[in-house]
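Undergrad: Residue numbering for the sequence shown is 1 to 180, as defined by the numbering used here.
Everything labelled a hint here was simulated from the structure, so no lab data went into it. Each residue gets a CB set at the ideal place from its N, CA and C atoms; glycine is no exception. Warning: the hint list may mix true and false statements.
To be verified - For each label pair, taking beta carbons as the anchor points, the in silico distance ranges come out as:
1) LEU129 x ALA97: 39 to 47 Å
2) LEU163 x GLY95: 13 to 21 Å
3) ARG143 x ARG175: 40 to 48 Å
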Amino acid sequence: MFWLPQEDTGSVILTPAPASIAAGSAPLALPEQPLDESTDHGLHVLHDLSNGQRLHLALPADGSADQPLVAVIPLGIEGFDRLEAVARLLASLHGRAIPPDTRLTRQQLARARRMLQAVDGHRVGASQLEIAQVLFRLKPIRRDDWQNAPERYATMDLIKDGLAMITGGYRKLLRHRRRP
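All chains should be modelled from the sequences, with the hints used to inform the complete structure.
TA: Okay, here's the thing in structure tokens:
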């Protein structure tokens, strides 16, 4: 079964347009996707934006995807993230330059990758020193020097944060950081 997490702000929910809006609008022309998945809630499609990004689209279950569609954006704080996703979808559908996904910076993406690499090493039984040598390209280091090395603490944090990401923290990656 396909699951659409409530926090997934990289997804766009589409529904038939009301008659007042649909007049003169064309149906959404999506290329056929091999990863289409039908559920009780509709057809789920991964739409390739042609820039290395994909959007998760939830289309109506009743076959009304042949009619003009509208995007549904909840008015909660996550609405801003969904508006960006709709802007990327519209740019893709109309052949315009696709705005970048700004939820993660380049540094955050690099750290997330390192977290997952650290957890992979941890799960196969590598020591923290072995993980650090791979991640930080460390040369052989004496045990006493390793005890005080900043890479040791960075490796411990990467493993801890990577395990937290795997147990559900990844959902935070789907939202912009907001001030309280």
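Undergrad: Against the structure, test the hints numbered earlier, and report the numbers of the ones violated in rising order.
TA: 2
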